[in-house]
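Novice: Line by line, the protein sequences are chains A and B.
Numbers given in my numbering equal positions in the first sequence, counted from 1, plus 127.
Numbers given in my numbering equal positions in the second sequence, counted from 1, plus 127.
Honestly, the hints are just simulated from the structure, not real lab data.
Treat the numbers as computed from the prediction; the structure is a model and nothing was measured.
A couple of the hints might just be wrong.
Listed next, the in silico DSS-like pairs over lysine-lysine satisfying Cα-Cα at most 27 Å (straight line) [said to hold, decoys possible]:
(1) A:Lys434 to A:Lys780
(2) A:Lys919 to B:Lys919
(3) A:Lys780 to A:Lys919
(4) A:Lys434 to A:Lys721
(5) B:Lys610 to B:Lys635
(6) A:Lys908 to B:Lys912
(7) B:Lys721 to B:Lys743
(8) A:Lys721 to A:Lys743
(9) A:Lys908 to B:Lys919
(10) B:Lys912 to B:Lys434
(11) A:Lys919 to B:Lys908
(12) A:Lys896 to A:Lys912
Label-pair distances were calculated between CB atoms; the ranges are [unchecked claim]:
(13) A:Ala668 to B:Gln892: 29 to 37 Å
(14) B:Ala524 to A:Thr672: 28 to 36 Å
(15) B:Phe608 to A:Ala668: 55 to 63 Å
(16) A:Ser677 to B:Lys434: 34 to 42 Å
(17) A:Gly215 to B:Ala524: 30 to 38 Å
(18) A:Asp675 to B:Ser137: 39 to 47 Å
From the three backbone atoms N, C-alpha and C, an ideal C-beta is built for every residue, glycine too.
There are 2 protein chains.
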Amino acid sequence: MDEWTLVYDSYLAGQVKLREALCTLGNGYFATRGAAPESIADDVHYPGTYLAGGYNRLTSEVAGHEIENEDLVNLPNWLPLTFRIDGGDWFDLGQVQILDYRQSLDLHRGILERSVRFADNRKRICRIGQRRLVHMGMPHLAALSTTLVAENWSGHVEICSALDGRVVNNGVERYRGLNNRHLEPLQVKEHDAERISLKMRTTQSRQEIALAARSRLYRNEEHLESTPECRSEADYIAHHFRIDVVEGDTLRIEKTVSLYTSRDRAISECSLDALNTLHRAGPFEELLSTHSEYWSQLWRRFDIGLKEDNGEQGARHALTLRLHILHMLQTASPNTMDLDTGVPARGWHGEAYRGHIFWDELFIFPLLNLRLPEITRALLMYRYRRLEAARANADAANYRGAMYPWQSGSNGREESQRLHYNPRSGRWIPDHTHLQRHVNAAIAFNIWQYYQVTGDMEFLSFYGAEMFLEIARFWSSLAHFCKTHQRYEIHGVSGPDEFQTGYPGSDKPGLNNHSYTNIMAVWVLCRALELLALLAEERRAELCTMLDISEAEIARWDDISRRMRVIFHDDGIISQFEGYDQLEELDWEAYREKYGDIHRLDRILEAEGDTPNHYKASKQADVLMLFYLFSSEELSELFERLGYPFEYETIPKNIEYYARRTSHGSTLSRIVHSWVQLRSDRAGSWRLFQEALESDIADIQGGTTPEGIHLGAMAGTVDLLQRGYTGIVTRGDVLWLNPSLPEEMRCLSMCIRYRGHSLDLEIRQEGLKVHARASNASPIKIGVKDGVYEIKAGEDREFQL
Amino acid sequence: MDEWTLVYDSYLAGQVKLREALCTLGNGYFATRGAAPESIADDVHYPGTYLAGGYNRLTSEVAGHEIENEDLVNLPNWLPLTFRIDGGDWFDLGQVQILDYRQSLDLHRGILERSVRFADNRKRICRIGQRRLVHMGMPHLAALSTTLVAENWSGHVEICSALDGRVVNNGVERYRGLNNRHLEPLQVKEHDAERISLKMRTTQSRQEIALAARSRLYRNEEHLESTPECRSEADYIAHHFRIDVVEGDTLRIEKTVSLYTSRDRAISECSLDALNTLHRAGPFEELLSTHSEYWSQLWRRFDIGLKEDNGEQGARHALTLRLHILHMLQTASPNTMDLDTGVPARGWHGEAYRGHIFWDELFIFPLLNLRLPEITRALLMYRYRRLEAARANADAANYRGAMYPWQSGSNGREESQRLHYNPRSGRWIPDHTHLQRHVNAAIAFNIWQYYQVTGDMEFLSFYGAEMFLEIARFWSSLAHFCKTHQRYEIHGVSGPDEFQTGYPGSDKPGLNNHSYTNIMAVWVLCRALELLALLAEERRAELCTMLDISEAEIARWDDISRRMRVIFHDDGIISQFEGYDQLEELDWEAYREKYGDIHRLDRILEAEGDTPNHYKASKQADVLMLFYLFSSEELSELFERLGYPFEYETIPKNIEYYARRTSHGSTLSRIVHSWVQLRSDRAGSWRLFQEALESDIADIQGGTTPEGIHLGAMAGTVDLLQRGYTGIVTRGDVLWLNPSLPEEMRCLSMCIRYRGHSLDLEIRQEGLKVHARASNASPIKIGVKDGVYEIKAGEDREFQL
C-alpha cells in the first residue's frame, strides 16, 4: 500500500458519504466537500467554509423551550459539472454500467483524482478522469480538470458548468428538521463566454459570499472557442457548452473558481476581487504545480518518519497519520492565520456541532506548536478577540474575570444547546454541558504551552497575559472556602465526561469538587503567579491596573493554589468528583451483551428511563486527563503544594481503576488512555493507538465521520508519536525528551520547531539523535533523563537510551 | 503654558476648521472629527474612519479623460446633540452672545472639553460644558457628556440626540464637484426610551456600518426617566427629550455610542454587536477613567522628556510634540493592530488624498518601531496582504516581482490620479506621480528597520522576506544594462520631488537615473543578498522555489548592486537625475518677490504656462533623502561598492547645494532638511525643526491642515528628537547612539524598546545614560562612538560625550 495515497478502487454506493468526508479538500479558507463520484452529477455536494452565521431556531413542543443555535453555513457549491450525450439524460453514475472505477486522494500533493469508465444504456463507452485541487498557496482559488474520452462513439456533448447557491445544511440527519437554509441570493452574472459569478449572503450574519468561475474547453488539447448558453435563476447560474465529438476524441474542461467573502481583508468589494483573482489565475497545470509546491513545504514541516518491521500495517499507519495531518492542515494552515477562525471539533466541512469551538485545541495545538507555532498564535488570537465576550459571560453568571463558553459561537457567546435529542428514545433531554468550565483551564494551558515552545514574550505580555490573568481570576471567583474542610471548593460544574452531569435525584445540575477541574484551577493559579513574576515590571503594573487585580486577589490565588480540595477514595483513587464513590457499579458485561456497542451508554440508559448519573461509568475518564496533560514530576509538585500524598503508584492505580469504567464514547478518550498507558502498559497503549487511528478512516462510531472528521483525535494520534513516544515536555525553558518507542516501532523521525530552532529528531529503541539546523537562533537547553544540555544551531547530540 | 493641554480661550469663527482638525478625537478604529462648538449644533461634523470604499467618478471635459478614485468614506455622525428652550430656535453659536468660551484638548487623557457661557436674544444665560472621548481601550465606544446650566431662567428644554447617516465628503474644497455621497441607508431603529440605532452601507465596497446610541438624562444629577419622541428618516434617527428646568438647575446628557462594521472580527452581525457592546458600556465617568488609564499607558511608552532653558518656548515645543504623538496614536494604535489598515498621509479624519496609502510610513515607522513595534508589524502586514496586487501591478507594467503602487487603494491597486487640478490656473494637468517607484524601496527599508529593531525573525522569515525578495526582483527587472556606460540604469521614474516629473519638451513622462531611486535600488539589492544569507537554509530554499528565484537572478542582483549608475555634476554634487545639470537656475528671489509664498511653485509656473521641469527647483530635494535615511558610514559603503568616490565633504556640499534650490512644498521637506543639517548646521537645523513643528498647529501651508493633519511630519518631528538628536542607528544587531543635542536643549529623555528591552535614555550636552529595565530578554549590544558594549537587563551604562 502506498503511504501517500488513499485509494478506493471500486465503487460502493453505500460508502459515498464516508469517502466524501475523508476525501474532502480544503485549504483553511476554502473548504470543500466532495470526493464522491456524484460530484460530476451535481447533487450532494455542499462545501463548508469558515463562515458561521445562520441561526437554527428550534422549538421543542415536548420541552416547551425555544432555543437558537448558530450553524456552520455551507458555501455555495462550486463543483457542479456534468454532461449529457446527444441530448439524453444527464450523467448519473447510478444509471450506467461501471466498467472501471478508481478514486484516490494524493496526500502529498493534496489532489483528489477520480477515474470512471462506463457504458451507458446505448453501449457508448466513456472514460472520465477528474483532478481537483483547492489551492494551498492561493487560498481564494480552487480548480477542477475533467477529461472525457469518447471511446467508441461520436456525437454531441452538452456540458453544464455551474455555481449553485441553493445549498442547505443537511449533513447531519438529526438536524434536518431544523431551519437549514442560511443563504439568500444577491446576484448572478454572466461576464463573458468563459466567466460567470454568483453572490449570496448569509441570512443572519449578513456575510456576502462571491464565487466566480471560469470554464475553458479543449478538444484533444486544442482550445475551443465556444459560445455557451447561460442559464440562471436567482441563486444558480450555469454555462452550457455544446461540442461535437468524434470517436477517440478527448474533451477536457478546466473549471477554475475563486471565492471571496465580505469579511476578507485587502478587498474592495468581494465579487470584484473574486473576478480580479480569477483573472490572474493561470491554467490548471500551473495551479497544480504551485499548489503541490506549497504542500511539499507543509509536509517538510509536518511529516512524521515512521519505520516499522510489519510492512503492510506500518504503511497503513503512515497513510492514516498523513491523512490526519492533511485534514488538520486543511482546517488550520498558514491560510487561516489572517482569518478570524478557531479550530472546530469536526473540521470546516462537517456540520456536526455546527462549527462551534470547544476545547479541542488542547489536543490540536501540541502538533501545531512544534511545527508551525504561528498558527497556534493566530488561533489564540481568535480567543483574545472574544475576551470581552468571555468577561460578559462571567459577569452574567456572577463570576469575575473571563469565562469562555463551552461552545463558542461567532462572536464568542455561549452556544451550548440547552436540550439535546436522543435518537434512541426520541426524547429531548435537558443539557447542562455548558457547565464544562474546564475549557477555561484548557485555554490557559494552551497559552502557556505556546509560550513554552516559542518563548514568544511579546505575545505573552501583550495578549496571553491578559487572557491568562482574567481566566485565573475567574477560577478564583468560582472557588469558595469551605470552613468544614478548611479548603477551597468548586461546585456545580461538569467535566469532559458528558455522562456525568449531576447528582442522582438532585434538581441542581453540575458536580462538586470535580478533581480534574479543581486541579486544573490550581495549575492555572500557580502559572498565573509565575506569569506575574515573568512579566516586565511595567507591564505587570499596567495589567494589574487595567484589570483591577489587587494584592489581595493575588494572595487569594496563592492561597487557593495551596488549599484546593481534592477528594480521594479507595486508598489513592482520585475521585472523579465528590460523591463518585457512592455511585453504583455498572454491570458492563450485561450491557455489552444486551446492546453490543455501548459507546453511547448515556443514550441507552436514558432510553431505559435510567441515567448514567447513577453509575461509576464514564464516556471518557476525566481523572486520566491529568496524566495526559502533566508529567508525573509536575503532578507530584501540584499535589505536594496542596499537601496531598502522591506516590508513583498513584498513576497506574488510577489508570487501571478508570479504564475499567470507561465506554470510550468520545474519540478523544482512546488518545488519552493510550497516552497514559504509554509507559505502564505498552501493549495496551499500542492497541488503543491503533483503534484511535481507525476512528475516522473506518468510521468506528458508525456514521459520525460523514458528519465531519474528528479533528482532535486526528491531531491527537499524530501527537502520540510526536510527544508521546518521544516524551517531549516543554517546561521551564527546557525541551525535555524521554523517548519510549512501542516495540512495534524501529525508528521514529521528525523535525520540530523549538524557540526558533529546527530540530531533527531520530529515535530508535536504543538511542536518540538531535540535530539543530543552522540558524541564527540563540542556544537552547534540552533535557534527557536527568541531564540538561545546551545545544547550539548547527550542533548534533546523541544519547543512549 | 500647560505642556499637556491645547487651549483656545476665545471663540474665533474663522479658526473653526483648523481647530476641528487639531482637536479631532480617535482611537485608530473610531475616528471622529469635531472640536468646533458647532458640534453642539449638529451641522459640520463628519467623522472619518478607516473605511475606504466609495469611488469618485471624475470626468474632465477639458482633458477628455474619465478617471475613478477611491475615497475615504466618512462615518455616519454620532455627535449630533442640540437643544432649544421653550420651543424657540435650535441652539446656534452664531446667533447668541458669547460671554465665555474655552475649548481644550487634554492630551494626557485624550479628552476634549468645551465650555460656553452665552446669553440668547431673550437674555437667558446658559452655561454649557461638554466632555468627549473616543475610548482608547474599548475601540468600539465613544461618549459625550454635556451639561447645561440654566443660570437665570426657568423653562422647558428640548434636547435632540441623533445619529446621522446623511454625511457627505466635503472636507476638501477642490473635490466638492465630485460625487460625495458614499453611504446608503439600511435601517434605523428605536430600541427603547434610551437607545436608537442606525445602519448604513458604503455604496461601492458594501461595508455595513452600524451605530447604536444611548442617551441618558440627569437633572441635578438625578436620573430622569423620560419618554422621548423618536424622529427618523431613512438615514437619520433622533430622540427628542422634553424637560422642565428651574433657574439654577443643571441638566446633564450622557450620550454613549458604539460602532461596528461588517468587516470587524469576532462579530455575529454588526448591528447586533453594536447593541451588545452598548449594553455592556458603563456610565461616562467609568468610561472616562478606563480611557484615561489606557492613555497613561500609551504615554508611558511614547512620551519624550524635554527640558529647555527657554521656558515658554520649551513648553510650546513639548505641547506640540505631544499633540503630534496624540494624533499618531489616534491613527495607528494597539486598536489598529487587528484591523487591515495602513497609515494614510493625512490621518483618518482628513479627506485629503482620499485615505490612500503612500510612503509616509518611512517617516512614521521609526517612532512606532522604537516604542510599540507590534504596531509596525501590523502595518507591514497591511502591505503583505496586498503583495498579490503588487505582483499583478508589476506584471501589468511588464516588470517582475512586486511593484507596490504609489497611492495604494483598498485592495492594493494603484489609485494615483492621472490628472490633477491646479486651482491657480483652473486647469486639469496630466499627472505622472504614479511613476514614484521609490515607494517600493521605502517598504523594503521599513521591513529591514523593523527587523533590526525587534530581531523578529519569525516575521522576517514568514512575511518580510517574501515581500523583500519580490521587491528586490522588481528593482532588478526595472534596471537595464547600458553598454555605453557599462553600468545599470533605471529610466522613466519620478522621485518624491513632485516638481520634477519629466524632461522639458519630452512626450515621455519620467526621469532617468534618478539618484535617490538608483541608490535605494542598490540598497534593496544589497539587503536582499544579506537577507538570503540570514534566512535558515530550508526557508531560503522554500522561498527561492516558491518565488522562482534562480541563482542567475541572485547573481544579477549582486552585479546591479555593484554597477548601478549614479550621476554627479559640479564636482561631487549627486545629480537629482540625469540631465539635472542642464536645467536652468530659477530666479528664486524674483518669484518670492512676485508671489510671496512659493511653496507650490509648480502651480505658479503652470499657471504662467511654464513648468518646474525646466528648472533646478525642488519641492523637496530627493538627494538629501539619502542623508536622512543612511549614516555616512552606510552611504560610504554603498558608494564604495559602486566604485564611486564618497568623501566626508560630499554631505555638507550636497546639502548646501540643494537647500538653496528647494521650496519646501511638502511638510516632509523640513524634517529631512533639519535632519541632514543636524551636525553641520545646528542653528539652521533647529530653525527648520521649529518650522516643521508648526506645520499643523499653525497650518503653515494656509489651509491644508483642515483637510487632514500631516502625519508624516507629525511623527517626523518627534523622531527628530528620538533618533536625530540621540543619533540612534539600528544596524548589524547593534543599537548605535551618537547624541548631539541642539544648544537650546539641556536634557532629553525617553524610554525606547529594542530587541525585547525597555531602555531608559537620558541625554545631556555632556553625557549619556542608558538603563535597561529588568526583564528576561537576552543581552544586547549598544555602540557609542567607536565602542560596542554589551548591556544586560537591569544594567546601567554611562558615557561621556
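Novice: Give a verdict on every hint.
Specialist: Tested hints:
Simply put, Lys434 of chain A and Lys780 of chain A have alpha-carbon atoms about 33 Å apart, too far for the 27 Å limit, and the pair is violated. Between the alpha carbons of Lys919 of chain A and Lys919 of chain B the distance comes to roughly 21 Å, so the proposed pair stays at or under 27 Å and holds. With a C-alpha separation of about 41 Å, the suggested pairing of Lys780 of chain A with Lys919 of chain A is violated against the 27 Å cut-off. Annotation: proposed proximity of Lys434 of chain A to Lys721 of chain A is violated, straight-line Cα distance about 42 Å (limit 27 Å).
Restraint check for Lys610 of chain B and Lys635 of chain B: satisfied, since their Cα atoms lie roughly 22 Å apart, inside the 27 Å limit. With a C-alpha separation of about 36 Å, the suggested pairing of Lys908 of chain A with Lys912 of chain B is violated against the 27 Å cut-off. Between the alpha carbons of Lys721 of chain B and Lys743 of chain B the distance comes to roughly 19 Å, so the proposed pair stays at or under 27 Å and holds. Straight-line distance between C-alpha atoms of Lys721 of chain A and Lys743 of chain A comes to about 19 Å, which keeps the hinted pair within the 27 Å bound.
Only pairs whose Cα atoms come within 27 Å are accepted, and Lys908 of chain A paired with Lys919 of chain B is accepted, the gap being roughly 20 Å. Among the hinted pairs, Lys912 of chain B with Lys434 of chain B is consistent with the structure: their alpha-carbon atoms are about 24 Å apart, no more than 27 Å. Simply put, Lys919 of chain A and Lys908 of chain B have alpha-carbon atoms about 20 Å apart, close enough for the 27 Å limit, and the pair holds. A C-alpha spacing of about 14 Å is found between Lys896 of chain A and Lys912 of chain A, which places the hinted pair at or below 27 Å, so the restraint holds.
The hint said 29 to 37 Å for the Cβ distance between Ala668 of chain A and Gln892 of chain B, and at roughly 33 Å that hint holds. Taking 28 to 36 Å as the suggested C-beta distance range, the pair Ala524 of chain B and Thr672 of chain A does not conform, at roughly 52 Å. For Phe608 of chain B paired with Ala668 of chain A, a C-beta distance near 59 Å keeps the hint of 55 to 63 Å intact. Checking the proposed 34 to 42 Å range against Ser677 of chain A and Lys434 of chain B shows it holds: the Cβ atoms sit about 36 Å from each other.
Taking 30 to 38 Å as the suggested C-beta distance range, the pair Gly215 of chain A and Ala524 of chain B does not conform, at roughly 51 Å. Restraint check, Asp675 of chain A to Ser137 of chain B: a C-beta distance of roughly 41 Å satisfies the suggested window 39 to 47 Å.
Checked against the numbered hints listed earlier, the structure breaks hints 1, 3, 4, 6, 14, 17; every other hint is satisfied.
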